[in-house]
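Protein chains in written order, with my numbering: chain A, 1 to 495; chain B, 1001 to 1170; chain C, 2001 to 2515.
A few of these clues could be false.
As the list claims (entries may be wrong) - Each computed BS3-like pair below joins lysine-lysine, with the alpha-carbon atoms no more than 27 angstroms apart:
#1 C/K2452 <-> C/K2442
#2 B/K1125 <-> B/K1083
#3 B/K1125 <-> A/K458
#4 B/K1155 <-> A/K462
#5 C/K2012 <-> A/K491
#6 A/K455 <-> B/K1111
#7 A/K462 <-> B/K1150
#8 C/K2456 <-> C/K2504
#9 A/K194 <-> B/K1125
#10 A/K175 <-> B/K1111
#11 A/K423 <-> A/K22
#12 C/K2187 <-> B/K1150
#13 C/K2318 <-> B/K1058
#14 A/K427 <-> A/K462
#15 B/K1125 <-> A/K462
#16 B/K1155 <-> A/K57
#17 A/K217 <-> A/K205
#18 A/K423 <-> B/K1111
As the list claims (entries may be wrong) - Partial selection, computed: residues in chain B whose CB lies under 7 angstroms from chain C:
#19 L1060
#20 N1068
#21 V1070
#22 K1083
#23 S1156
#24 G1157
As the list claims (entries may be wrong) - Pairwise CB distance ranges, derived in the manner of DEER restraints:
#25 A/D140 <-> C/E2286: 58 to 66 angstroms
#26 C/P2451 <-> B/D1146: 17 to 25 angstroms
#27 B/N1116 <-> C/A2027: 43 to 51 angstroms
#28 A/K324 <-> B/A1161: 28 to 36 angstroms
#29 A/E452 <-> B/L1017: 50 to 58 angstroms
#30 C/P2424 <-> A/L71: 51 to 59 angstroms
#31 B/G1030 <-> A/I447: 27 to 35 angstroms
#32 C/F2209 <-> B/K1145: 48 to 56 angstroms
#33 B/G1030 <-> A/A279: 53 to 61 angstroms
#34 C/K2273 <-> B/E1002: 29 to 37 angstroms
#35 A/L401 <-> C/E2286: 31 to 39 angstroms
Quick caveat, the hints were computed from the structure, so don't treat them as lab data. Every value quoted in this text rests on a predicted model; they were computed, and no experiment measured them. Beta carbons: idealized from backbone N, C-alpha and C, even for Gly.
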Amino acid sequence: MIEKILISNRGEIALRVIRTCKALGIKTVAVYSDEDYNSLHVKQANEAYHIGKAAPKESYLNQEKIMEVILASGADAVHPGYGFLSENSDFAKLCEDNKINFIGPSSASMDLCGDKMRCKAAMLKAKVPTVPGSPDLVKDVEEALSIANKIGYPVLLKSVYGGGGRGIRLVNNDKELREAYETVTGESIAAFGKSAILVEKFLEKIRHIEYQLARDKHGNTIHIFERECSIQRRNQKLIEQTPSPAVDQKTRDRIGELVISAANAVGYTNLGTAEFLRADNGEFYFIEINARLQVEHPITELVSGLDLVKLQIDIANGEPIPFKQKDLKMNGYAIECRINAEDTFLDFAPSTGPVPDVTIPSGPGVRCDTYLYPGCTVSPFYDSLMAKLVTWGQNFEESRLRMLNALNDFYIQGVETSIPLYKTILKTEEYKKGELSTDFLKRYGIIEKLTEDVKSEKSEKKEPALAAAIMHSEYFKSRVISSANSNHSWKSKLG
Amino acid sequence: MEYKIEDVEGTFNAQILKNLGNNEYVIKIGTQEHQLKILHMDSRGIEFILDQKYHKAKYLESATAQMNLVVDGIPMKLNPNSKFDEIVYKNTGGGGSVDAQISLRSQIPGKVVSVNVTEGDSVKKGDVVCVLESMKMQVSIKSHKDGVIKKLKIKSGASVAKNDVLAEIE
Amino acid sequence: MHSEKIEKFLEKQNKALTAGGQDRILAQHEKGKLTARERINLLLDEGSFTEIDALVTHHYYEYDMQKKKFFTDGVITGYGTINGRQVFVFAYDFTVLGGTLSQMGAKKITKLMDHATRTGCPIIGIIDSGGARIQEGILSLDGFADIFYHNELASGVVPQITASIGPSAGGAVYSPAMTDFVIMVEKAGTMYVTGPEVVKTVLGEEVSFEDLGGAITHGTKSGVAHFVAKNEYDCFDKIKTLLSYLPANNTEDSPLVVSDDDPNRMDHNLINKIPENSLQPYDMKEIVLSIVDNHQFFEVHELFAQNVMVGFARMHGKTVGIVANQPLYLAGALDIDSSNKASRFIRFCDSFNIPIISLVDTPGYMPGTNQEHNGIIRHGSKLLYAYCEATVPKITLVIGKAYGGAYIAMGSKYLRTDINYAWPTAQIAVLGSESAVKIMNKKDLDAAKNPKELKKQLTDEFNEKFANPYVAASNGSVDAVIDPAQTRPMLIKALEMLANKRDKQLPRKHGNINL
């Protein structure tokens, strides 16, 4: 039985894992870099160890150092969170070699899933449909160009070791492909230490629909419904929701079967996510299995009533999944907005710095997973995700309205945030009708709408703003009466 | 006093008409009168009821030409001296100096991954001047105008801070 | 009752308000300049300005001057508050006879300055003037002299700030030069002793107003301007910010500005700002920003003599003056301009009870005939004198190199510095290891079979033995070697310990600093 877990991550996901561990009576070990001395996850864990400098490769990606700490602290398991080392099979293997329980899939199945080409091959064998693209890794930019021209532009350049939106670029022609080839290679090496590129057909008006899957060490496989994550920017998800407006119960079951086949095909263990693209004609294409707990897992938790981190730990302990597929029922509707420290108007450029004040929304059906607290700092070294704002309602409309209210209540001072963007998206007719696609922002001119919304919001507040402004002058005028205090000791000094 | 509000059309005249005592006032905005009761006030912020509606405003750092407020969570910038703007900005242009037009500044802190132009190159507005890496994302910094690269202030591998001058383009 | 008298009074008051007349006001606006009263109202708290001597006029008869009589006579004087603190302000009024200074104008200004010194409040002057009123001849020049005398009377008694938002030429520029801080507005303020026309006539040199004496010139080359403002708004903002750091007069302490910044805040990243290779430059400002309250550092003389940084900041709410070498420029070496810049700043802080914190990383003085022939010896000695003379709390932190004369000059222990700290990366030595070895081991190196190898060996030995803070620590020249992460808490503790420090000089009229 796992007794002490080291979390090789930071920010909100580290806090998330700590929360479940506390509930289960499992001790926690946190690790932190120079940037994170004052982080909440350091304060909330039972023990905390400093592992290196701010740059990820010197700290959160430093496998040797982390293993040192695991052994020194006596932890018997490690939870990698998402990003960083969560899909690094070398690290998973290192844990296996040191007899440390890695809470996630085995290094072998991680290798298989991480290698998009091998994974694709396994899917084809299991009769799970995949997206047209390069049969294998492209050797160089020339091969990429030839394949792109064969399957037809637009295409996606994807790094095999990508994820979380990194190492993916959409290109429309040869020139863009050449430029993007360099960028994609660079991003991939920077974030994951490796790079290898493949080319995939880009489909129009697609919806990104993924399934949460779980498989224990005894071969029991289940899926815990779908999540729709179509609203994205630069291939990174912005809003996730479940159930998907494009999935009825029949489709849910049909694709669910495919998901279970896929998980079995790669001999997967623990929790993972099978990602699909749904074309406009209703066809589903398998993309990949993300061999980790995803950022958006809270929405699945809210509609299923499960604690997915607990499920991960149970599976890692060797326990069988305590329920069958038919026992799982979806309840209500959940939406998640990723609150990023970004300036929407500057092409989502990261915004960093101290956060002197924060007000975190709450109330029935409102959940916020975040590392923010008044006085914390958003670091330029790490991801721009500051908080996950999640709402649950009996139906879509209730959940949507709760989210709008929660967004209005959420105040973060000191950095630019994507909060105004989400308010605008959630108010559009298209969103209400569930007309989602991965090009949602561009297709419905969201940025222009946002500009208008920001202006009208300010216009609505003009009277209270003016009232506050003139009272400010009054306040200072009243202090003028006591100006004599500004030089009061002068009189008493003689000589 | 006359105020201009950023992103809102028009100039607004606001003044205190009557001080009714007990922290109650009658104020006038434009031609409209409003009832105002202050619940709490100090140099950092104010909570008040304006015409039966509750509002909370924070006072952030202010300058002669710009009051920074956060009103009910919405950041707002007010200019109480807008009538002088035309005169004050006459020789130096829009609150910035000639420097602002020549200098291409970085919007974010980061590391220079690549420099895509050399001194003397002609660029068009939108051309990629360099690529910065920040928060594991690569962000292309594009030229803010048509012109010629007069000076490059960065090289590959350098670290830049927010607002650092990356290049001078004339 | 008395309605006629009231009417007469109102008529005069209104006339005084428009001073030079509506068309002159329009002309001023056309040039992109605000009028004197508009400036004063933007600078001071709303509605706090009380004018005095509004109805003063000149009493001159030559040159038909009686026909050109205006109320206020070219300068607006009065008092008010800035953020609730009382100040005295005068502003030259360009709309009246080009803002030229007359005998009466000078009387107005000196009366105001007397008020300020008697009540112990800061003086702010806004310059926008054609200079002396030629018609009044010697009377005008005497007027300037009287103003200069009052500048001297007030110097070190109350803070004096000058804003240059227009021309100021000839003798008129000396008043600003005698004040504590000069702010010039880009493309508006100009200061020079002799104008471009005379320069062309006498020397045949062609130069524009801006190049000769504009804000950028004085902010970067001559150091006459301590601050360069983008425009008039920025100018007033800077004045307000500057005043917020200063006490009202020399008997007070600076105002306490409570902040949420924990006085015990540690920064474990601080040590990483110093590159491993001591020859590589780094930005000293990052270190300053980390240790002060709320990352706020109000830099003075930002563009002048950039190899040293000076400015105001707060530590645990109290104003401190920071003097720091800047390795980004000239590797942080000291030279003539930086010695002057730092000395003046230190003496200002000493006048007004502001503690001084010095951050040291300097390889020495700039060599060369330029420096020597221009008197680095004289100018360098000012820095030593200023440090010794200052009796405010003084704390020095050696961060990197501190060699030879520059080590002494940057607030070393025996210049009457109260607390000296050093980081483990400090290298306090007589010379850099390379040079030291060349001199002390010359014989051995000349005789060696492999001089390069021997040199490296000797240099490494020297570094081991001397290029560190421990020799200094073992002698008490440094009070402690501190953990860089603890810099802020250590400095604040030292400041609190020294808060009630009292120290005196021997009585004398004044010393003889090598000017």
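Hint check:
no.	hint	in the structure
1	C/K2452 <-> C/K2442	12 angstroms, holds
2	B/K1125 <-> B/K1083	33 angstroms, violated
3	B/K1125 <-> A/K458	30 angstroms, violated
4	B/K1155 <-> A/K462	45 angstroms, violated
5	C/K2012 <-> A/K491	36 angstroms, violated
6	A/K455 <-> B/K1111	34 angstroms, violated
7	A/K462 <-> B/K1150	43 angstroms, violated
8	C/K2456 <-> C/K2504	49 angstroms, violated
9	A/K194 <-> B/K1125	34 angstroms, violated
10	A/K175 <-> B/K1111	25 angstroms, holds
11	A/K423 <-> A/K22	34 angstroms, violated
12	C/K2187 <-> B/K1150	23 angstroms, holds
13	C/K2318 <-> B/K1058	25 angstroms, holds
14	A/K427 <-> A/K462	22 angstroms, holds
15	B/K1125 <-> A/K462	35 angstroms, violated
16	B/K1155 <-> A/K57	22 angstroms, holds
17	A/K217 <-> A/K205	38 angstroms, violated
18	A/K423 <-> B/K1111	32 angstroms, violated
19	L1060	13 angstroms, violated
20	N1068	13 angstroms, violated
21	V1070	17 angstroms, violated
22	K1083	10 angstroms, violated
23	S1156	17 angstroms, violated
24	G1157	13 angstroms, violated
25	A/D140 <-> C/E2286: 58 to 66 angstroms	41 angstroms, violated
26	C/P2451 <-> B/D1146: 17 to 25 angstroms	58 angstroms, violated
27	B/N1116 <-> C/A2027: 43 to 51 angstroms	49 angstroms, holds
28	A/K324 <-> B/A1161: 28 to 36 angstroms	56 angstroms, violated
29	A/E452 <-> B/L1017: 50 to 58 angstroms	34 angstroms, violated
30	C/P2424 <-> A/L71: 51 to 59 angstroms	30 angstroms, violated
31	B/G1030 <-> A/I447: 27 to 35 angstroms	32 angstroms, holds
32	C/F2209 <-> B/K1145: 48 to 56 angstroms	29 angstroms, violated
33	B/G1030 <-> A/A279: 53 to 61 angstroms	55 angstroms, holds
34	C/K2273 <-> B/E1002: 29 to 37 angstroms	46 angstroms, violated
35	A/L401 <-> C/E2286: 31 to 39 angstroms	46 angstroms, violated
In terms of the numbered hints stated before, the structure departs from hints 2, 3, 4, 5, 6, 7, 8, 9, 11, 15, 17, 18, 19, 20, 21, 22, 23, 24, 25, 26, 28, 29, 30, 32, 34, 35, listed from lowest to highest.
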